[in-house]
Amino acid sequence: MQKRWLSAAAAISALALIVGACGGGGGGGGGATTAKTVKILSSLPMTGASRTQTVEIVNSIQMAIADTKINNVTVQFEALDDATAAKGSWDAAQEAENARKAINDKSVVAYIGTYNSGAAKVSIPLLNQAGLVMVSPANTYPGLTKPGKGESNEPNTYYPNGKRNYARVVPADDLQGAVGAVWAKDLGAKNVYIVHDTELYGKGIADVFRAKAKDIGLTEKGYEGAQKADNYRALANKIKDSGADLVYYGGIVDNNPAVLVKDLKAVAPTIKFMGPDGINCSEFLKQAGPAGEGVYSTFGGVPPEKYTGKSGDWLKAYDAKYQNKSPNAYAIYGYEAAKVVLAAIAKAGDKADDRATVLANVMGTKDYDGVLGKWSFDANGDTTLTQFSGSVAKAGAWAFDKELAVK
Amino acid sequence: MLGTFACLTTLTLLGFGTEVGTTSTPWWALGLALLAAMIFCGLLNVLAERVAYRPLRRAPRLAPLISAIGVSFIFVNIGLFWQGPTPRRFPDLLPQYDFMSQFFGLHTLVRFTFKDLFVLALAIPLMLGLAWVIRNTRMGKAMRAVAQDTEMSLQMGIDVNRVISFTFLLGGVLAGAASLMYGLYNNNTVFTLGFDAGLKAFTAAVLGGIGNVSGAALGGFVLGLLSALTVTYFGGQWENVGVFSLLVIILVFKPTGLLGQALGDRA
Numbered sequence: 001m002q003k004r005w006l007s008a009a010a011a012i013s014a015l016a017l018i019v020g021a022c023g024g025g026g027g028g029g030g031g032a033t034t035a036k037t038v039k040i041l042s043s044l045p046m047t048g049a050s051r052t053q054t055v056e057i058v059n060s061i062q063m064a065i066a067d068t069k070i071n072n073v074t075v076q077f078e079a080l081d082d083a084t085a086a087k088g089s090w091d092a093a094q095e096a097e098n099a100r101k102a103i104n105d106k107s108v109v110a111y112i113g114t115y116n117s118g119a120a121k122v123s124i125p126l127l128n129q130a131g132l133v134m135v136s137p138a139n140t141y142p143g144l145t146k147p148g149k150g151e152s153n154e155p156n157t158y159y160p161n162g163k164r165n166y167a168r169v170v171p172a173d174d175l176q177g178a179v180g181a182v183w184a185k186d187l188g189a190k191n192v193y194i195v196h197d198t199e200l201y202g203k204g205i206a207d208v209f210r211a212k213a214k215d216i217g218l219t220e221k222g223y224e225g226a227q228k229a230d231n232y233r234a235l236a237n238k239i240k241d242s243g244a245d246l247v248y249y250g251g252i253v254d255n256n257p258a259v260l261v262k263d264l265k266a267v268a269p270t271i272k273f274m275g276p277d278g279i280n281c282s283e284f285l286k287q288a289g290p291a292g293e294g295v296y297s298t299f300g301g302v303p304p305e306k307y308t309g310k311s312g313d314w315l316k317a318y319d320a321k322y323q324n325k326s327p328n329a330y331a332i333y334g335y336e337a338a339k340v341v342l343a344a345i346a347k348a349g350d351k352a353d354d355r356a357t358v359l360a361n362v363m364g365t366k367d368y369d370g371v372l373g374k375w376s377f378d379a380n381g382d383t384t385l386t387q388f389s390g391s392v393a394k395a396g397a398w399a400f401d402k403e404l405a406v407k
Numbered sequence: 001m002l003g004t005f006a007c008l009t010t011l012t013l014l015g016f017g018t019e020v021g022t023t024s025t026p027w028w029a030l031g032l033a034l035l036a037a038m039i040f041c042g043l044l045n046v047l048a049e050r051v052a053y054r055p056l057r058r059a060p061r062l063a064p065l066i067s068a069i070g071v072s073f074i075f076v077n078i079g080l081f082w083q084g085p086t087p088r089r090f091p092d093l094l095p096q097y098d099f100m101s102q103f104f105g106l107h108t109l110v111r112f113t114f115k116d117l118f119v120l121a122l123a124i125p126l127m128l129g130l131a132w133v134i135r136n137t138r139m140g141k142a143m144r145a146v147a148q149d150t151e152m153s154l155q156m157g158i159d160v161n162r163v164i165s166f167t168f169l170l171g172g173v174l175a176g177a178a179s180l181m182y183g184l185y186n187n188n189t190v191f192t193l194g195f196d197a198g199l200k201a202f203t204a205a206v207l208g209g210i211g212n213v214s215g216a217a218l219g220g221f222v223l224g225l226l227s228a229l230t231v232t233y234f235g236g237q238w239e240n241v242g243v244f245s246l247l248v249i250i251l252v253f254k255p256t257g258l259l260g261q262a263l264g265d266r267a
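Residue numbers (the numbering used here), protein chains in the order written: chain P, 1 to 407; chain U, 1 to 267.
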């Protein structure tokens, strides 16, 4: 019995070796005239509450790759999961493993991810040392790229070799938190209570909101971190008692803001609740149920129902391929991120499998005419787009409320 | 976790997958869900015992521990397959009524809602029932005997396998009841729920004195009160700090737990 097991295992590993060798052979061929095979990896949390969004991002990336023909280059794609079942959201160890996987596979020329800013903090320095370019469709924590917007050693601490290798197609939170505060004031809020999920992204945007709220004369009734929990009854009572009329939640849907909303609305039915892009997804509303009605959220860009021109065409194509008329906010960013990477690979020509060339081409993206409009990456790797919009939850779906200008 | 899924599936089948459009509490549906979850969890536990523990009865103590971890992985993956990787909403079917403000007219931070009453009304009789079974029935006596000395129990003519099976059945049935309470109280569930719940249950049991039913109940109350007080007076991020600091202090100064000494040997 035991022997048979052993021989079966041996056969399987032999098979794996053969398959692996074939895969490597395709990528390794190097002459100027021969066709090249390059690989793009994505690393997004595919387990947990973010899954609805990340599946759409992966769909978008696959769509972008299918849409783009590059001469003499075959682009392969693999979607990695940086979440673990045990945690139910992104996990630092898993993200590091994904980054190492990308580094060790020589055919990989670009890394699309991450979804969570905290995860980016793990993989940027690893990929930086390997000279591999990383493009995020969803990281919004300012300190990843912008000097003076995060901790004092940010962002240089993420780039050990001193050269930037990270860019994002989505506007950062130093803008988003501020437009949120201004919007809160427009909505008639006077006393705000700020809660964050204690993660890099959540605390980061909560701090931006806090600073801007103070600037524009909103009274702060409380500021505290609340980790993922089964229920937030004690916190909800405390918030009600503080007399706040609006709660700002800095955090992601994985850390149970839907439960916080439910507990909060049970004690204070009229209190307003606002959050950033981290809660702007259908999953949040699905979990919150009726309590989610009237929740406000901000995010970069405009929602699907406002897509016109190129983004409108993209939406039609997406719907035709995946039967989804209103994908979540980040789907289109996934497409744009993949397109930028593909453009860089195409531009590299003969050097399509050279990491340094692809890196330079991505970081040097100027006046790119994509589905999000015409934009460039600035010196920090940030998009020049600054458009935000505010949505309100109505009948279980996010409805566009207004465009929010950066002031 | 699987218990809450059983409740959720039962409620969905009965047409109460969401509270939207439901005007009054469908008690009969809740009763059916409770029954379904209790039967489901009880049978599952008996099956797990039969497959993962009984073959290892005479193995070193580490072996059943490892197979227990294996079983928990299997359960988590069944949950993942059953309801998917994202958290699921549990219908909010209990009346929204706060006794403190609506009945007594006291508008303070302290609330006592119908939900709290529901949990107490279900949990206390179950705990009393469990204590009675262990203390007064033949089977309870056999359970205590097996826990104390398996070899000796065998010699006294106790069917050890049957007793252990029954203990697992009892544990599963109670877990099934707990899952309905959890679902209706917190209105959400996820396939990894069991890990957190297990950690808290273990903390409560250690706090109260392991192997002691009333101790575990007391531990649970202390744990809940402490976490609520920490959140209110120190802030949300200190919740676990407060709870686990107390656990460390108790274990250092009173290693047998709060009620450990009073009852002596493991009940």
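The set of hints was computed from the structure by calculation and includes no laboratory data.
Some hints here could point you the wrong way.
[What the hints assert, rightly or not] No farther apart than 30 Å at their CA atoms in a straight line, the calculated lysine-lysine pairs in the BS3-like style are these:
#1 87(P) x 185(P)
#2 69(P) x 106(P)
#3 351(P) x 101(P)
#4 141(U) x 228(P)
#5 106(P) x 185(P)
#6 316(P) x 374(P)
#7 351(P) x 325(P)
#8 240(P) x 200(U)
#9 163(P) x 185(P)
#10 87(P) x 141(U)
#11 394(P) x 146(P)
#12 240(P) x 228(P)
#13 254(U) x 286(P)
#14 69(P) x 149(P)
#15 254(U) x 203(P)
Verification of the supplied hints:
1. 87(P) x 185(P): Violated, at about 36 Å.
2. 69(P) x 106(P): 22 Å, holds
3. 351(P) x 101(P): Measuring from Cα to Cα gives roughly 22 Å; hence the hint holds.
4. 141(U) x 228(P): 42 Å, violated
5. 106(P) x 185(P): Given that 30 Å is the threshold and the Cα spacing comes to 51 Å, the pair is violated.
6. 316(P) x 374(P): Distance of about 20 Å is within 30 Å: holds.
7. 351(P) x 325(P): With a Cα-Cα distance of about 38 Å, the restraint between residue 351(P) and residue 325(P) is violated, given a limit of 30 Å.
8. 240(P) x 200(U): Judged against 30 Å, a Cα distance of about 27 Å means the pair holds.
9. 163(P) x 185(P): This hinted pair is violated, its Cα atoms lying about 40 Å apart.
10. 87(P) x 141(U): 41 Å, violated
11. 394(P) x 146(P): 35 Å, violated
12. 240(P) x 228(P): 20 Å, holds
13. 254(U) x 286(P): Status violated; Cα separation ~46 Å.
14. 69(P) x 149(P): It is violated: about 39 Å lies between the C-alpha atoms, which goes past 30 Å.
15. 254(U) x 203(P): 38 Å, violated
In the structure shown, a violation is registered for the earlier hints numbered 1, 4, 5, 7, 9, 10, 11, 13, 14, 15, in ascending order.
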